[in-house]
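S.K.: Start from the sequences, fold in the hints, and give me the full structure.
Okay, here's what each chain looks like letter by letter:
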Amino acid sequence: MKNAVNIFKKEFAAYFISPIAYIVISIFLVLTGWFFFSTFFLYRQAELRNFFELLPLTFAFIIPAVTMRLFSEELNIGSYELLSTMPVSSLDIISGKFMASVIFIIIMLLPTVSYSIFISFLGELDWGPVVGGYTGAVLLGAAFSSIGLFSSSLTRNQIIAFIIGMAVCFVLTLLDKILFFLPRDFLSVFEFLGADFHFHNISRGIIDSRDLLYFISLCFIMLYSTNLVIQGKK
Amino acid sequence: MENILKQKNKYYKFLIYLIVVVLVNMAGATLFFRWDLTSNKIFSLSVPSRKVVATLSEPLTVKVFFTGKLSAPYNNIERYLADLLQEYSIYGGKYFNYQFFNVSGEENEKAKVNQDLAHNYGIYPVQIQNIEKDEVKFQKAYMGLVLIHGNIIETIPTITSTEGLEFLITSKIQKMNNKISALLNLKEKVKVKLFLSSSLQVVGPYMNLTGLSETAGKIEEMTRKLNEKNFDRLEFVNYDPSREPSQSKEAEKNGILALQWDEFRDRTGKSISKDKGYIGIIVEHGDKTENIKLLDVFRLPLFGTQYQLAKMDEIEESINEAVENVISVNEEIGYLAGHGTRELGMMDMPFSNQGREESLKNFYGMVSEEYTLKQVNLKETGVPEGLPSLIIAGAKEKFSDYELYQIDQYLMKGKNLAVFVDSFNEIVPRQGFNGMGGFQNPVYLPVNTGLEKLLEHYGAGIKKSYVLDENCFKQSIPEAFGGGEQTVYFAPIIKNEFINKKLSFLKNIKGLVMFKSSPVELDEEKIKKYGLKAEKLFSSSEKSWDISDDINLNPMFIQPPKGENKYKQMVMACILEGYFPSYFADKPIPEKEAEEGGDDKKDKKNDKNKAKGIDMSSIQAGEATIKKGKPGKIFVIGTSEILLDNILDKKGMGPNAHFIMNIIDYLNNKEAYAVMRSKAQRFNPLKEIKPDSKVLIKGANIAGLPVLIIIAGLMVFLRRRSRQRVIQQIFGK
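Sequence order for the protein chains is R and G. Taken in order, the first sequence gives residues 1 to 234; the numbers are from this note's numbering. Taken in order, the second sequence gives residues 1 to 733; the numbers are from this note's numbering.
Keep in mind the hints are simulated off the structure, nothing from the lab. Where hints are given, some of them may not hold.
To be verified - Pairwise CB distance ranges (calculated):
no., chain 1, residue 1, chain 2, residue 2, range
1, G, Gln86, R, Glu73, 24 to 32 Å
2, G, Phe32, R, Ser79, 15 to 23 Å
3, G, Ala712, R, Glu73, 46 to 54 Å
4, R, Ser84, G, Ser39, 21 to 29 Å
5, R, Ser38, G, Lys651, 51 to 59 Å
6, G, Leu696, R, Asn6, 56 to 64 Å
7, R, Glu73, G, Phe138, 50 to 58 Å
8, G, Ile727, R, Ser38, 28 to 36 Å
9, R, Ile27, G, Glu426, 29 to 37 Å
What the hints assert, rightly or not - Keeping only pairs whose Cα atoms sit at most 25 Å apart, straight-line, the calculated DSS-like set for lysine-lysine is:
no., chain 1, residue 1, chain 2, residue 2
10, G, Lys529, G, Lys507
11, R, Lys177, G, Lys276
12, R, Lys177, G, Lys137
13, R, Lys233, G, Lys8
This one's a predicted model, so the numbers in the text were calculated from it and none came from an experiment. Ideal Cβ positions, reconstructed from N, Cα and C, are used throughout, including at glycine.
M.R.: Written out as structure tokens, the structure is:
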């Protein structure tokens, strides 16, 4: 665990030492801010529903960009060989990197709390769905991070890692929106697989054990798959 | 080799984990918990719903016929319904059961059987839009459920939205519970009386009415079927007023449709003699009767008067509803008839739009879901004591002192009043144009019914003026008339911050629209003196003013006043609660107006007494007037226009509809229902803010936050560079 924490510190610091963090967070804030506030005063409703509805799609682009370098860079410059010679398990490495990206996402989301503060002055904001929305956002961010981590472990090329990660996140986001194109017999299965479907429930303010189980399962499968890939590279 | 085995084992292990994860998720789909974070627990079962299912004494089964695998957004309804029913079953225990029936598929034999079952319960597929293989297709889908409790069946044939679904199901269960108790306690049977004159069968073919001869048989069969669901408490009686004159009198007394015709000859020269015929159904129990129309009469351009027999399934539904009304399944509340009050619109008149803007059909439909509105005629019966509350909507004619006395004493008995006061009578000139070639504006005459003095006595007066507000409804003008918006100052929009949130039934009402409303003036001194509790329900905005003279409500001629001191916030509705002192406490009992034709009889009776030498003056009445009775409630609002169909939505889901129903529930001590109804109310408007503030908020959040992040990044970058320089300086030496 100590090793995982050390790796987490190193990875987390790496985000904020380089301009990546500031650029990614700024782009994220401009995107969400623009899309949310451009229609906010037209809807005239004191709620953050539109912000949360937009989040899965934004995350599908942003999070793979955050996670693409986690393994690809190390594999590319060869620092992973160095890391693997150290007394750290692949589990420590994966959990350290995973924690770093999740905490990064939380920090990325923090400035958006300002939206809810502003709205609470403009109307009677129900904080329940807001808390639910942010809980869901962290869970969704964690799930997408695990996907990003897995795609990063597959290749040395950061761009390819980004594209793979983005494609998977994108499909999971849109899955419940394109159900009518999918075979009817598997509709409920596809619906269950969709990340947006589960996120939507939490963002409405309902913490449902089925949704929690989905996000935890997705993280577990993706991190375990990453572990398999990393061990295969040893 | 060992390595390959190890690799294989890893994948097997992964596969096993994967299967475990899938199984855990599958198990989690049935064993789950939900934690509702919303402030009004929108997604959790309300207390009244829990109570209703917890008090079930007989099994209640819910059969759901929902086509599976529907496209979005309908697929979510099924899930929500399943979750909701699961919640009901938690609190209902062994008495609450639910079952989803597979009705999907045309070729599936089992589905076909279930579809037939659904049809038997009156659930038929509805057409919905579905996108399949890149094409928009219309699909027929079953989206209904049926509740079976004892012999009673309640159906919700179509569920297309999750909004208000819990309220709907709970009300149905409550109604079934009430119906079972009412039916089991009936001492005599409910009579379904068919009035069908045999004389009508002669003229029927000339009126294009076929099947009149079979009608009696069909209604009898229908009653037999209904009897099975009503614990055998119905009795069918067939009357032929053509044969029995006493039955004609009964038909007339009950307002059965009468048709009469003069002697005529048909095309073949056959002579049809002059006669009269009655057609209609009366559902009767004790002194309560409900009239059901069997024949629709309407006029069509070119075709003239047309006659149409009502559809049998509609008649069945009407009989069922009438039975519920006569045995008082729903709680009865009073609605004051006469005195120029607004007429309850109960029937849809085919091919006619006349009076639609004045119709209270939506209000009637909405209230009837939960209560039975009993029309109260003060002149004939007074206010029946059994009614817990009385609605007085838009009275325009004067009340006699005796009638006011009846209302006052009704309140003293601990009953409740909902008074919708119209301060003015709007007289619209008959001729559209005046002599000058322009439209004549309506005239607004102050209304003095006498109710005002009663309300003033209790502490809530109504000012004779209209509230105008800058924060009001804006009507868009069609392009043909120049486009743009028309500000309707006399339709104030009530802001969320001016709605009293201390009252639980108003908590979820986030905005309202008023129309031609007068301000309510609370007499704080009286309220304090009488020890009453007064709650102002909502007020107009700070930018409101009122007009009392030379009223012209043409939006083109209304200008907001100049000067800030002309504006003032006004209370627009209130509720008074407590021990009201009687208006007639120190007054003699008002004289009852003599009924027409009744004076002679009375005089004769008095003369008779005089003749017998009895001195009536020696008999004195005790304290007949209740000077201060039991605690009651009065709701007062300065308009009845908000009850009209153009303000209340048909589905009763809008904030105004919820407000009205919540008030009625509150007056009838069903506050929890009021809270449940509006918990799905999502209308949550923003406060009014200046355009500059909007720009500031947008700027701060869209550009300000990223700029702050960039500044933070630059600071980190500069700090690192200075640190690098320091290190360079140290090691460069």
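S.K.: Any of the earlier hints contradicted here, and which numbers?
M.R.: Numbers 1, 2, 3, 4, 5, 6, 8, 9, 10, 11, in rising order.
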